[in-house]
Amino acid sequence: MTTHSISKALHVRIEQQRKGTSDFLLDVDLQIPNTGVTALFGPSGSGKTTLLRCIAGLEKKTKGLVRLNDDTWQNHQTFLAPHLRPIGYVFQDANLFPHLTAQENLQFSIKRADKHQSVISYADVIQLMGIESVLSQYPAQLSGGERQRVAIARALLIQPKLLLMDEPLSALDDALKQDILPYLEQLCHRANIPIIYVSHSLDEVIRLADYMIVLEKGNVIEEGEIQTLLGKLGTTFSKYQDASVVITGTVSQQEEKWGLSWLCFSDQTIAFKKGKEQLGSTLRLRIQSKDVSLSLSEHSDSSILNRLTVTIDDMISDPKDPSMIMVRLLAGSTPILARITTLSAHKLSLQKGQTVIAQIKSVAVLS
Amino acid sequence: MTTHSISKALHVRIEQQRKGTSDFLLDVDLQIPNTGVTALFGPSGSGKTTLLRCIAGLEKKTKGLVRLNDDTWQNHQTFLAPHLRPIGYVFQDANLFPHLTAQENLQFSIKRADKHQSVISYADVIQLMGIESVLSQYPAQLSGGERQRVAIARALLIQPKLLLMDEPLSALDDALKQDILPYLEQLCHRANIPIIYVSHSLDEVIRLADYMIVLEKGNVIEEGEIQTLLGKLGTTFSKYQDASVVITGTVSQQEEKWGLSWLCFSDQTIAFKKGKEQLGSTLRLRIQSKDVSLSLSEHSDSSILNRLTVTIDDMISDPKDPSMIMVRLLAGSTPILARITTLSAHKLSLQKGQTVIAQIKSVAVLS
Amino acid sequence: MLFSPEDIGAIWLTLKLASLVTLLLILISTPIAWWLARTQSWLKGPINAIVAMPLVLPPTVLGFYLLLFLGPQGALGQFLNQLGFSPLPFSFAGLVVASMVYSLPFVVQPIQNAFSAIGEGPLEAAATLRASPWDRFIHVVIPLAKPGYISAAVLGFAHTVGEFGVVLMIGGNIPDETRVISVQIYDHVEALEYDQAHSLSLLMISFAFLVLAFLYSVQRRQKNSAMSGGLL
Amino acid sequence: MLFSPEDIGAIWLTLKLASLVTLLLILISTPIAWWLARTQSWLKGPINAIVAMPLVLPPTVLGFYLLLFLGPQGALGQFLNQLGFSPLPFSFAGLVVASMVYSLPFVVQPIQNAFSAIGEGPLEAAATLRASPWDRFIHVVIPLAKPGYISAAVLGFAHTVGEFGVVLMIGGNIPDETRVISVQIYDHVEALEYDQAHSLSLLMISFAFLVLAFLYSVQRRQKNSAMSGGLL
Amino acid sequence: PSRSFAASLHLAVASNFISPIKQLAQDFEQETGQSLTLSFGSSGKLFAQIQNSAPYDIFLSADVAKPQALVQSNNALPNSLVIYAKGHLVFWSVNPISSTSLKDAVLNAKRIAIANPKLAPYGKAAEESLTSLSVWNDAKKKMVQGENIGQTYQFVYSQNADAGFVALSQVLAGKTKGHVIDIPSDAYQQINQAAVILSQSQNIELAQTFMAFLMRPDIQAKIVQFGYAAEPH
Ligand SMILES: Nc1ncnc2c1ncn2[C@@H]1O[C@H](COP(=O)(O)OP(=O)(O)OP(=O)(O)O)[C@@H](O)[C@H]1O
Ligand SMILES: Nc1ncnc2c1ncn2[C@@H]1O[C@H](COP(=O)(O)OP(=O)(O)OP(=O)(O)O)[C@@H](O)[C@H]1O
Ligand SMILES: [Mg+2]
Ligand SMILES: [Mg+2]
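Protein sequences appear in the order of chains A, B, C, D and E.
Numbering of the first sequence is given in our numbering, commencing with residue 371 and proceeding in unit increments.
Numbering of the second sequence is given in our numbering, commencing with residue 371 and proceeding in unit increments.
Numbering of the third sequence is given in our numbering, commencing with residue 527 and proceeding in unit increments.
Numbering of the fourth sequence is given in our numbering, commencing with residue 527 and proceeding in unit increments.
Numbering of the fifth sequence is given in our numbering, commencing with residue 13 and proceeding in unit increments.
If you're looking for bench data, these hints aren't it; they were derived computationally from the structure.
Mixed in with the good hints there might be a few duds.
[Unchecked claim] Using 27 Å as the maximum straight-line C-alpha spacing, the simulated DSS-like pairs for lysine-lysine come out as follows:
1) C/672 x D/570
2) E/187 x C/542
3) E/130 x E/154
4) E/122 x E/234
5) A/660 x B/431
6) B/587 x A/717
7) B/430 x C/542
8) B/627 x A/717
9) A/644 x B/587
10) D/570 x A/481
11) B/431 x B/627
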């Protein structure tokens, strides 16, 4: 291991042995950006929860270093107790106080919150989480999703400087996620609270995260900016089927009538569902590889609005699934991935360097 | 309420008041098919868990009727205790016995299993759930996902006649889901064990379920065959964005080289990733509306293999999202949904009754 | 020799009495504690209080009332007599009954608290796994209530060993039948035979210490293997 | 009048003693129980056993040893004397100390079991919510251990009220200073004043019953509102 | 802690003398205006307390041995020792006794209560009486022992024992008179109860006054009326 000296970041270098029969050893050395959302991704049992617990100081026998910005929470000689670390923690199993009602659980947090940094308002959180009507119930009287929402609210109301969230939305339906995600997104960007976010949903991760860490068997196997990781062929994501790229550009046109906006990047434009973005603002869009098809010529009688002229940069077939091939395209300098059948690639005689039309059925706005 | 007299089905007619501050009342009258998977869908707090508990007999003060096939479990005069109902139950929070190791938890189930009906083998379940290495650990020493997998294994090993699963896969990553889902699918079709499956993931639901119930505030707001529900415009699914249809047909061609098979239905053929299906067998495929694009003419130079000639049956715009329009197509008599931008529909001047080409980027095999 | 034959008789008798009483108390306290832990009835408060009642009276006085109650004029005494039982006072059986009455609260309370702490979860899980109420009780409730049972056994056993007022009264100090160690030590103290009293006390304390330390260590070891390290 | 002035003095004294002892015991048992519930040390077994030791000796004998220990010749007695304390035996303070020793296990055990049952979850949650160890203890541990505290208070109070052997030995049966009801009843019985003994016993029992029944009912009501109906 | 009782006289009294001393204390208080504080307990317990500096002025024991031992150990004033009462043993039953002969009565009874001969002088006397009638071994089998004479009385009173050897003073004090067989005083050694003034008393003068009061013929006569033996035999 090397010694790092970046000051403005969450620096975690940890070794943590799990007593027990499966000799699990978490051994990581991470520099996590101190803004935005860092996704923690990995199969069940890979050590995600253990890592969060180490950062929070809940594992006492941890060897290593934990430092947020200039504050050392833990090294070979210090160990800051968990209650002195300015974190918010959403436990995987909610972990509400059983003797307190939902409201009292929140009050517990509010009473002990950092008064100097009141970024998060009670009314906002309650309304967002939709827990108004269950506030007087005890945890045993809440549904699974209600418990989880109260737990998120509780962790937010402590006004943390670092938010650790262990699969916070797993028990929630999509509609609710759609309400809560943008708030979390906004919050972390506005309040400058870095979030470490464990999730099994690649969708959620891509939507929320700027940085990404993939764990396997206690080791970091992939780490980096989400854009970089997503654009790379052959990363762990190939496992997760829907590889994507994120493109950044400026909003160049908006049409209220059609509910669409256009993003301009690398001399190309791409249409997307209009949201609250301003004309001229910078925006990130996600393009999933499975939404991209290729054609040799441009077809104007198709319902697919986005047809970009691109060159084929690379083609990789998936060893596990020979029926599919991943094609890396360059739209100017911007990489785009297309996942097509091997048969199509053959029929169209696709070659590296060839110029083709990338038809993009739908795009998702990221921020 | 009317009196039903269908004998071969799970019949649930229940009223269940939740004591507490939020006057929650579950009031349902359902005929659930006695084979296959029935998905229970609905926002957090809508009463899904409560309904499962009532069916299992865990709520004592329930008024109503529960009948599986010809066995009455509960009516105005009888109440079969939970341990006499031949069910398997996966609790939302795993609910393993804390004093027993994972293995002992499974043994607990095996010892009490129905010996006459040993459809589910221990070795299969252990291997499938990937819990071999953690069998000697206590629940407190398991990760969230491990706990959940042990709980599924435990519920399967009781050899139930009806399986109630409350968000069984919520803590698992996609890769693991991809392993477990087909097994569950297969199991329920082979062993004729009906499953009632609570899930927040529409993907999971569509993949697994044959029948579907949508709850809201304790009431059933939608109910029916999944194919029917998915094909209907304006059902609750419009909320969940990725409406789909399911088509059934015969496998008409297979090419090992390309890893593809073709399904024939209503005089059309459609290519899909080859799996284990046999030539000539009947199969179901799912087509998501967002994967379907329309063009006025056929383009043979496109990477999109599936181009069906269809007629436009109906067009509905989403009041919440004016940028998009849902187009219902008929391929012969088979409905297909396409979600395209309003702008495209306008540009192509789409009309009811018009014949167009439906380009389908990818399809998912269901069974 | 350090101990007289009388002392040794008393030691055996005490062990027999305390073991039997503890065993019986655990058996009868279990349903009582279960009922108290689970019931929603308004009777819970009063019955809980009644269970604790024997504690409130001084042991000799309790013994006196038991004597009246169990004697030939007493309600229970006459009843038992009609059923053909020989009278309880001044017999080993009588000692057992009296000790049980007196130690009941110490056994019921820890078990009851342990039962209450279990909650619905494990019981519901067991019910969905075809475990009948009895099966659930044996294989889920009792193992989960183990710390409560250990406390109950320790308090019940120790209290029976040390008990004395009631025993003296109901037992009548009959060698090998009702003269337990506590009485024997008391006699030594009263007779100013302090040396004998010291050695018997020491024996009793050492023995009890070893038994209890062993019991608690076993419990600790098991628990450690099931739980992870502590916070705080 | 039913009760003599002496009886009434004894009643007051008993209430004072039992309340004080219960209060002090709860205070000192809390850290002991906490340590015992949380420690991984091998000392846990032995110390647990030591806490239960006072139970094993007959009360009068325990009183006798306390007398030796606290008296002018005793180790602790001499030590306290050097510190300028007046001697403990035959004083109310001595009664308090002796009763505490004797009732200690009944207070420690239920609290300890309640602490053990809490588990790490709530403590960890509190720690991540900036609650210091002390804050966690007051606002999480103690409320969650409430049933244990109630048991502890009941057993401790009742046992102190009914105790008698130790009290008689250490206290010396001095009116208004160390003559508690239990001793007073005993004296009535010895003096063959059975009527007085009966009425005092009845008073004690009724009073204790009412207090306990009230306590338990309060506990029950609170619990009901927090939990849902039972299985089984 | 307040030691307010230093002003009054504090008596440690063996439990079997509770009833008489309560009466006598009233008499003494009326006579002298001095108040008495009474503490009861078994002689053995009181002895142990006195050895550990219990704040008593006078010890009224149920035997002679313990006061003597206190004198020996300088805990009591040597020349203050007096015999203040002599016990009178009787054979007592709540129900009518089948025979007037003590021997037959003993043989006919199913359970006989006596006080522990090792601890209680009345128990020792009972043993001597039974031995002198040569029925000790027969009686032993059906014997239950009370720790003291008070418990022995309760065994008989509750009718768990058919009969027992108790003090006459108890039978006279109790409400249930029952049936009595007197035991000749030559069947057992005298049950002497001795009193001493304790060395640590701050109130020796008053203590001496009380001892004198206790031994006064009229008071002694009163004690006999309570059921104690009249004169030495
Ligand atoms: N207290 C413990 N004692 C022993 N082993 C443990 C303990 N807690 C966790 N483990 C093991 O450590 C490994 C990592 O667990 P962890 O909870 O960090 O996984 P995770 O990545 O959060 O998984 P999931 O997504 O399933 O929650 C697992 O294999 C688990 O069995
Ligand atoms: N024991 C209880 N006492 C009072 N109210 C309860 C109790 N349990 C659940 N409720 C309420 O009943 C409603 C339905 O709860 P239920 O657990 O069935 O929801 P659910 O559909 O399973 O939700 P989720 O997806 O969040 O698990 C909720 O509003 C909840 O607050
Ligand atoms: Mg985890
Ligand atoms: Mg639920």
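Against the structure, the hints:
no., hint, result
1, C/672 x D/570, "holds (17 Å)"
2, E/187 x C/542, "violated (39 Å)"
3, E/130 x E/154, "holds (18 Å)"
4, E/122 x E/234, "violated (36 Å)"
5, A/660 x B/431, "violated (50 Å)"
6, B/587 x A/717, "violated (53 Å)"
7, B/430 x C/542, "violated (45 Å)"
8, B/627 x A/717, "holds (13 Å)"
9, A/644 x B/587, "violated (32 Å)"
10, D/570 x A/481, "violated (36 Å)"
11, B/431 x B/627, "violated (61 Å)"
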